[in-house]
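Number of protein chains: 4
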Amino acid sequence: MLAATSHGPEEIRVEEVARPQIESPTDAIVRVTTAALCGSDLHVYHGKIPAVDPGWIVGHEFCGVVEETGDGVTDMQEGDRVVAAMYPACGHCPACIARDHRNCPQFGVFGMGRQFGNLQGAQAEYVRVPFADMTLRRIPEGQTDESTIFTGDILATAFTALKAAGTRAGDTIAIVGAGPVGQLIAMLAPSFGVIRTFIVDLVPARLAEAANHGAIPVDAGKEDPRDRILSDHGALVDRVFEAAGNKPALETAFRLVRVQGDVVLVGMLVNEEFPVSAGLVWLKNIQIHPVLGDPFNHREEILRLISCGHIHPERLVSHHMPLTEAAEAYRAFDAHEVQKVIFEVSA
Amino acid sequence: MLAATSHGPEEIRVEEVARPQIESPTDAIVRVTTAALCGSDLHVYHGKIPAVDPGWIVGHEFCGVVEETGDGVTDMQEGDRVVAAMYPACGHCPACIARDHRNCPQFGVFGMGRQFGNLQGAQAEYVRVPFADMTLRRIPEGQTDESTIFTGDILATAFTALKAAGTRAGDTIAIVGAGPVGQLIAMLAPSFGVIRTFIVDLVPARLAEAANHGAIPVDAGKEDPRDRILSDHGALVDRVFEAAGNKPALETAFRLVRVQGDVVLVGMLVNEEFPVSAGLVWLKNIQIHPVLGDPFNHREEILRLISCGHIHPERLVSHHMPLTEAAEAYRAFDAHEVQKVIFEVSA
Amino acid sequence: MLAATSHGPEEIRVEEVARPQIESPTDAIVRVTTAALCGSDLHVYHGKIPAVDPGWIVGHEFCGVVEETGDGVTDMQEGDRVVAAMYPACGHCPACIARDHRNCPQFGVFGMGRQFGNLQGAQAEYVRVPFADMTLRRIPEGQTDESTIFTGDILATAFTALKAAGTRAGDTIAIVGAGPVGQLIAMLAPSFGVIRTFIVDLVPARLAEAANHGAIPVDAGKEDPRDRILSDHGALVDRVFEAAGNKPALETAFRLVRVQGDVVLVGMLVNEEFPVSAGLVWLKNIQIHPVLGDPFNHREEILRLISCGHIHPERLVSHHMPLTEAAEAYRAFDAHEVQKVIFEVSA
Amino acid sequence: MLAATSHGPEEIRVEEVARPQIESPTDAIVRVTTAALCGSDLHVYHGKIPAVDPGWIVGHEFCGVVEETGDGVTDMQEGDRVVAAMYPACGHCPACIARDHRNCPQFGVFGMGRQFGNLQGAQAEYVRVPFADMTLRRIPEGQTDESTIFTGDILATAFTALKAAGTRAGDTIAIVGAGPVGQLIAMLAPSFGVIRTFIVDLVPARLAEAANHGAIPVDAGKEDPRDRILSDHGALVDRVFEAAGNKPALETAFRLVRVQGDVVLVGMLVNEEFPVSAGLVWLKNIQIHPVLGDPFNHREEILRLISCGHIHPERLVSHHMPLTEAAEAYRAFDAHEVQKVIFEVSA
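Protein chains in written order, with this note's numbering: chain B, 180 to 526; chain L, 180 to 526; chain Z, 180 to 526; chain V, 180 to 526.
Isolated chain B (complex conformation) (with noise of 0.2 Å):
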């Protein structure tokens, strides 16, 4: 089968690899029939994340049809068309009891090598699913590929974030970072009740965007967004949304917060220090909540949002792409010309 593999630093090959099979009873073969490409798998494409092997294939984001399933899977059935997590949990352990599925001894992300689970990626026609009832989740009648894909990951991320931090009824928020995390944080927001959401990023297209979804774009290469947030709002937002990942967002998410606001980090940070001390948290008040997202825990509450049309995920599609394309698209992803390309992979 054709597949999107690493081989080390900036090479993504599209290549023929051996179809997957089913190692464990609980596991399911699923045709992909799209997949996305996610700014995590940039980590991969600038060889950050350790024991990827060469030949690894690439991908988390998918959906698909069940191909085959092993003798263990009861729910999911052959020809079911489906939407994956990002990562499989077993769903029984105290862990998934806990809906602490991120420490399901059973975790392991998609495409990422050896170390974080031993799972070939999903950018390739077909991928080995372990947990399969748990890990996948059928596509609701009415609904596409490009409109569920995103409840695997940055969506299911979006909705964690907004949950973590108390979002509620009447609050304003500034999301930091307004790459596809971000926009969809702000898609989300008036399902939480959010009156005003003030988004702050460098790049005009990816700001005019964000005003479409609803939130007051706010340049800061042009004004500083602490003063357009106290002159238009006239205070401080009750919780900020660090979605960049970057030194700089981490700080102007500091200092947005107001007096006992939360500030939530969402982007995925590496090793930057806080920029304020935990002297000044104490004293203002201000609740940290990081987040890594849940694909299962909200998984039905996102789907009835999608089926009902208060959000529309598949507007953040900016490129369709045959999967032979895959190392043009890394590089154009990348190089920040495209923003969320979808691979077409089969009918």
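Hints are computed from structural coordinates only; laboratory data are not their basis. Worth double-checking, as some hints may not be accurate.
Which copy is meant is left open, so a pair is good if it fits within one copy or across any two.
To be verified - List of simulated lysine-lysine pairs, DSBU-like, C-alpha gap at most 35 Å:
1) 342 - 401
2) 426 - 463
3) 342 - 463
4) 401 - 227
5) 426 - 401
6) 227 - 426
7) 426 - 342
Once you've looked at the hints, dock chains L, Z and V against the given chain B.
Showing chains L, Z and V alone in chain B's frame:
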């Protein structure tokens, strides 16, 4: 001054009475600019509230201007434009600190007679307001009496009801009773992430209005609400709000809620029996939440929703009348000829 | 193998039956070491549960050793000492992921006949356990069958009840009914910060036992519980747990709760009417929470409380009997001659 | 009257000053019977608090008798025995109604100078108390000054910290710093269902005292706290309370918390940096909750825990001294020679 007073069942008079005076240092005297006619005023009108002496001034929803303050009032000042809570609360007792203002020992409702706090009502040119710093809220700049008057009673009740039910993003709800409180629940529902709001009533005009607020109207005279919801939504709803305060509505409410759902009692019930057994409630695991609106707890959030244009409670107002026509207003309101009457009292 | 089976009202036999086999890949066969006799087994005993065919094996509280596992079982292994949940749950459906295991489409109770999941019971030498990875939990090292067996049913119910009521540090509670579930609520109450636990019953021996667990016994045959509580505590209680499942207990429960308090329905109610009107519930603002215990949600917390010696559920066991005496055990339990019987099945 | 006053770094004098007078109608004058010396008083002692003019009266933990009330005081009466909150709050502003008393515009701490509310302190024979109905609480019958004095500050802080962390039945916690607040967290932990409380310090006497309150003492001078906890408990703890307010304690706190756990900042931090990167906090998903104690929110629950004997905060008192020895008391307290000093001011 002029005031609308009760003189026994179905007799409201507008007459000259003495102007109220400061009685306690925490009192204020408010010159009423606008007062509303509320469903619960009809209980006084029909003589169902004990200890409403002949000549008692009626009404508890009002806006006005602070005319005079007692020595213990530290925040409110002469000339402030204010909206009042329907009942005063001291702010400092254990119940108030626990945000359970209804159990404040100082509880009493304006215009409800000697047994409910011994407070004269607000359908008058002036009213005495105990614990003025707590009971009154300055009207935000840019807002009107009409846009804010309901924060003191029915809008607070609607908001409290949605909170009490644990309403959250992705829910589907049903409201039984499309009176003012039901309409406001429908209006607020999107700010709680509700994706579908069914509203059940028998009066086409009320249903048409609810449709304008985004709800799906269900005419119980023409179709079975349960069948309709099952057909439209494919399931019973997550939360049901009984907002009519009568036996048939109560029955409908329990028929519309899903297993493990919530029933909220918002309507003013008297001695109606439960239409289901405790056994059935246990088996279906239905949580029951009675709600007496709290005009203090969510005042700020509600005012922000109004200020940002997320809700437009003034759209509820169907008639404006001078206070001199109070007798006619009560008659028409009781006959369901008008929905929500606003008395324009002074300029 | 030997099993206790139902043969119509009041007829339990111990007889030889066929050993269960793996039927689905997610099944396990457990060799039962200990089984308990539960109040709800009496509903089978009295013939009140439909579709319990003659010869149906009874019982749903048990511990044992894993004897065999299906191919789809990934966690449990032959030889594991385990305690079971009273009902299986798949772990991966929307209800399970939402921690609402009672609404899993695979719901069924062991030993309750064809209409409740079509599962044979556990008062037998062997039992087939669906979704073994979820339904079974390894017994922590150092713990015994007796100390853990109740985590699968009544102890989970007691814990869920305290959670559902929102019990918190500084509360005073009342339990109506000093049967096993009531005793366990009393035993758990200090771990929720309860400062005073009143327990109401008519049987002196039960009250004496509850006193050993730290509760204040109130003999409803000798004094009015409401008077007693008002005299001892100076107020009605914050939360009341109806743990008897009958009309008089229900009446008592509503008489003991304070305004704005919580009533939890824990007892197995059938068609008992509410002893109060919806109007009174609204006026007193009493929240009503029915509880069907969930043996999954708090299993870990409960096992930790046991392991650290904060609770000693094994103290509930009043009698040990061999399985061969099951018929006599049912008779004596039904006659209130014994409190909690444990069958010792195999070594 | 006699008062302990500040005269620059390390100089406390006891001198004759003018008796305070009612300044606002919501004030009361309290005759102080007991005042305590608190860790934060040392900040004044060391001259670290700005705008503490020479002669400023110090101290903010106190009990006494109401001597006189302003005209706007409606609840407190002359002769009431009372315990005070460390800071006044008006009770009626949006922040107070939202139970966020720390952000009341009237916020100020007794004895902390002109910048923190311009309030004279309570280590004196008399003290003026703003918003007396809110700031003062009658001492429950049967209780003493000593058993209740800490509800106004450090006991409220300890309770708030356990709440903020989401502490619940079955948790294991660690406290870093066995000063008064740390001791009280340990004392309260069982009322939150905590099963194991580790407390870390370097001072054997403090650790011995914590052991008396049920905590497991860990001497950080003799063993690595992380090793000790892993060895005793088999895992890192669910929640950690930094209660020392310094850099090494902060480092230890982040070393002891499990993945997806909570770190609560209770100690008075100034400008200490975070000892971990934002990246690590994100990866380990550690929630960070700063806590400034709120003496109002849980006053009733805490007083009930005291009245029922679940906690004995008076056991914290190590020394009683007359007010005339205040200078010596500050010196000894600063030198860690005494733990908690109570001044006996008047009979």
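Hint check:
1. 342 - 401: within (31 Å within a copy, 40 Å between copies)
2. 426 - 463: both (20 Å within a copy, 18 Å between copies)
3. 342 - 463: Classified as both; 22 Å inside a copy, 18 Å across copies.
4. 401 - 227: The answer is within: 33 Å in one copy meets 35 Å, while 40 Å across copies does not.
5. 426 - 401: Within one copy only: 19 Å inside a chain, 38 Å across chains, cut-off 35 Å.
6. 227 - 426: both (18 Å within a copy, 32 Å between copies)
7. 426 - 342: both (24 Å within a copy, 31 Å between copies)
The structure is consistent with each of the numbered hints, conforming to all of them.
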